[in-house]
Structure formats: structure tokens, C-alpha cells
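Top to bottom, those sequences are chains A and B.
Under numbering that gives the first Met the number 0, the letters of the first sequence match residues 0 to 274, in that order.
Under numbering that gives the first Met the number 0, the letters of the second sequence match residues 0 to 251, in that order.
Simulated from the structure, these hints should not be mistaken for laboratory data.
Cβ coordinates follow ideal geometry from the N, Cα and C atoms, glycine included.
Among chain A residues calculated to face chain B with C-beta under 10 Å, some are:
| # | residue |
| --- | --- |
| 1 | LYS91 |
| 2 | TYR162 |
| 3 | SER166 |
| 4 | GLY172 |
Below, a sample of chain B positions facing chain A; criterion: calculated Cβ distance under 7 Å:
| # | residue |
| --- | --- |
| 5 | GLU58 |
| 6 | ASN81 |
| 7 | ARG84 |
| 8 | LYS85 |
| 9 | MET89 |
| 10 | ASN95 |
| 11 | PHE97 |
| 12 | GLY108 |
| 13 | THR111 |
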Amino acid sequence: MKLTKFIDRALLVLTWLFAGLTIAVLAYIIFHIVINGVPHLRLSLFEIRHTSANVSMLPSIVSTLFMVILTLIFAVPLGIFTSIFLVEYMKKGSRFVNVVRSAAELLSGIPSIVYGLFGLLFFVEFLGLGLSLLSGSLTLSIMILPLVIRTTEEALKSVPDGYREGSFALGAGKLRTIFVIILPSAIPGIFAGVILAVGRIIGESAALIFTAGTFAQIPDNILQSVRTLAVHMWVLSGEGHHINEAYATAVALLAVIFLINALSTLAAKKIFSIA
Amino acid sequence: MLKCKFDVKGLDLYYSDFQALKKVDLEMSENEIMAFIGPSGCGKSTFLRTLNRMNDIVEGCRIEGKILLDGKDIYAKNVDVNQLRKRVGMVFQKPNPFPQSVYDNIAYGPITHGIRKKTDLDEIVEKALKDAAIWEEVKDRLRKSALGLSGGQQQRLCIARALAVEPEILLMDEPTSALDPVSTGTIEDLMVELREKYTIIIVTHNMQQATRISDKTAFFLMGEVIEYGKTIDIFSNPKHKRTENYITGRFG
Ligand SMILES: Nc1ncnc2c1ncn2[C@@H]1O[C@H](COP(=O)(O)OP(=O)(O)OP(=O)(O)O)[C@@H](O)[C@H]1O
Ligand SMILES: [Mg+2]
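Make the full structure from the sequences, and use the hints.
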């Protein structure tokens, strides 16, 4: 009796301790970046053209946005259609579904630099797309595809079967049921997956160094090399004498991530609250 | 003599290797309310769902025997299942409105079957909601989510949704089991009214409900139809001992 009470107490204390520790670490990282980065935010860091003197990050901010958009254009429809196929068309627990699922799980565990090497060999060299926005985004699409598939699958599965039955019972076909009834109610879940994917794209550096290169410019077509913010940071800190600018870039990176999260949450609230 | 709608002959149904229906023979006539009663798990829902082929989507489910609707086999190769389900509407035990507005819930069926004109749809929606005795309660909130309605209102909305595609037959699987007595009463009155225009088949666990509203009753037990006929006869003068035991509550 006394012992269980003691264990209860101890567990509670431990939980609080670790929760506190997590928050403290996170807060410290943000604090550290802000303290070291904000004083070095200069106007010259946001010039249209990047030179080795001004190390402007504006081209990288724009490139990051392009990279996110292009990658999502490739990966999201493909991921959604794959999940629809797996959940709505294949039999539950069929062999094929299990194979695809295990493959996706395996893919999501592979370190991103391996994707980078694959992208280099396949997109950059074999397909001859060169170090480019396109090669980079194709590589990242493959990287985030398992994430999109898994979250969409969960979202589809959580749509009550009653909706499907209700729709079929009215004489609606499968396609209409999926696109008019099921997908709309799965969108919040799919959306959450997409936001996670965006986070991975913004934070990715290893896979992009090999596939999109490190050329800092605002690209005017998708076959040009680009340098996203994360890669920009990597370059700056590697050069050794731009540590301060690297911190300033980190502040911008944080800001971009916060902004995208806030905007998408806002958008989600707008879209999904039926009056 | 009323016109026969459904004619079921020697129907067997299997879920994989479990036989859920055994040699069911039944006839259901136009403008009648037919009630299915019987203990839990005896196959009432299963049987109901064979009538609009909802079991098609259940894996491992297969049937033998014949179901004729107006003399035509509904399991024949050339039957369009979606057209069949348009003719044979269904209301489920648990109200299942779509997470959309009241209006869109009702309009979904007609739009599915090709009605696009706004004025036509408006008319259908209003008529269906009136037929289902819920118009007065929702007419000022047609554009609001159907999920905000009470359970009883949701169920009447689902009935309206089924009526909006103008079915000939309405299948109802325990439509009032989740509802309070007032909502139940409303829906029962509704069924009696709807009988004028539709053929209604209802599954119920409530003996009083069966006697109150149904013309014919079929008693199911372990996948078999033990007895069926006029509701008054079944309840006042059951031929089988097992039917009598069930309706007097000495059983199941
Ligand atoms: N999808 C399914 N797969 C396998 N067996 C099923 C399935 N659906 C129903 N059964 C079985 O078939 C039998 C009949 O079930 P059914 O749902 O038709 O009963 P019911 O008479 O409607 O019962 P209740 O009154 O509880 O709703 C039960 O033994 C049930 O376990
Ligand atoms: Mg049932």
C-alpha cells in the first residue's frame, strides 16, 4: 500500500521533471539562437542579390518557398491517391497493402543523406536534371511521401464507416463517395501530415546539398541550382568566418517555420469551421 | 390483394464460412409496413442489407438463392447496384448524417442522380424535410452543419435524405433504438404516413412498436424465418412455440 503510493508519487515527479527538461532544452535552443542571431540581422542580409560579401539570405528564403511548393505539388497528390487506393480500394489486411505499408515504414527510417545520394545518381546524373530546384524537390518528394501516405491513411481510416454506408445507400458510386464525402472529412488529418512534411522540407540540408546544389540565387526556372535556408546556414557555418550571419539566418529560419505554422493553422480554422 | 414488391426465395447468406441466413423465404407487399423481430444476432440486419445489396461491400460475404424486386432478380449480372439503391433506400440504426450542412445532406442524393438545377433542388429538399416531419425545426438553419442537430432530429434528417431520392422502398434498421420516446413517437407517426407512398421494412427490438405500426411481421431466429404473417396473428395467435416464447419475453 505504502509502496504503490510512493511509486505513484515518484512517477508523477519524474513526469514533471522530464516534461520540464524538454521545455527547458527547447527554450534554451531558441533563446541561444535569438540572442546570437538577432544582433546580426542587418538590412544587407536581405538584398536581392547574394554576394560573398553581403551573404544575403533573401534568395534562400525565396528558394525555400519554391522548394516547399514544388515538393508538395509532387508528393501530396501522389501520396493522397496512394492512400485512397490502399484504404478504399484494397481489401483490409491484404498482402499487397502490407508490403506497401512496410516499404513506406522502411523508407521513412532511412537517413536523408541516403536520399541525397540516390537523388544525385538518379535525378541529377541519370536523368540529367543537374543540380537544380527540380532534382531537389523530386528527391524531397520521395523522402516525404511515406509521411504523407501514413498520415493520409490514418485520416481516411478515421472517417466513420457510417458515412461510406450512408453514401452508398443513396446510390452514390465509389468515386463520388470518396471525393464528396470521405476526403473532405479527412482533410484536417491530411493537413496535419502536410504541415509535418513542410517542416521536414524546410529543415532538410543533407539531401539538398547533393541534389539542388548550393548556388544562392532566386531561380528563374526549375532547372537552376538553388540554396535553401537550411543549406545556406550549413554553407555559412562551414566557411568559418560567417558564424554570426549563420545565427541570423537561423533566426530567419525559425521565423519562417513559425509563420508557416501560424498561417496554416489559421487557414485550417477558416476552412474547417462550417458556420 | 396488394402488389408484391420483394419476393425472396431460398436465400442463404454466408460470412466467409459462417452461415448467417438459412433458406429464407419471404414476400413483402407494396404500401405495407413489414417488421422483422428476433433476438440479437439472428440475422435481421443481415437480411435487410441483402435487399439493397449493402452486403456487397462486406468482404467474404456471399449469397445463394433469389431476391426478386418487381419480379426481377436484383443479384442478376446486368443490375446497376446504384440504381437499385436509389429504388431501395435505407435508414441506419445509428443516425449518420454527413458532416455537411442540412441542405447539402438532403441534396446529395438528388445531385448524385443528376438533378442540378438549384430551384429543383430547393423544392426537393423542402419536400423531403416536410415529409420527414423535420422542416419546421430546420428551415431556419439549412446552411448550418447537420451534426449540430439532436439525435432524433439527425435520424429524421437521415429519413429525409433517403426520401429525397424518391425510393420505392424504405429499409429501416432499428431507426428509433437510440432515441427518446418523443422522437420515437414522431418517427412512428411518420412511418405510418409514409406507408401511403412507400413500402417500409423495419427491424425492431420493440414488440410494442411492431404491433403499433406494422401490418406484417416476420420472426427471425438463428438465421431462419420461423414464422411470418399478419402482425395481429403473430402477436395474438403465434403458431410456433418459439415465437410465442419470444414475444412474451420468456426468451432471448
Ligand atoms: N460483417 C460480418 N462478418 C461476419 N459475421 C457477421 C458480419 N455481420 C454480422 N455477422 C454475424 O451474422 C449474424 C447475424 O448478424 P446481424 O447483424 O444480422 O444480427 P441482427 O439480427 O441484426 O442482430 P441485432 O439485433 O443485434 O442487430 C451474427 O451472428 C453476426 O455475428
Ligand atoms: Mg442488427
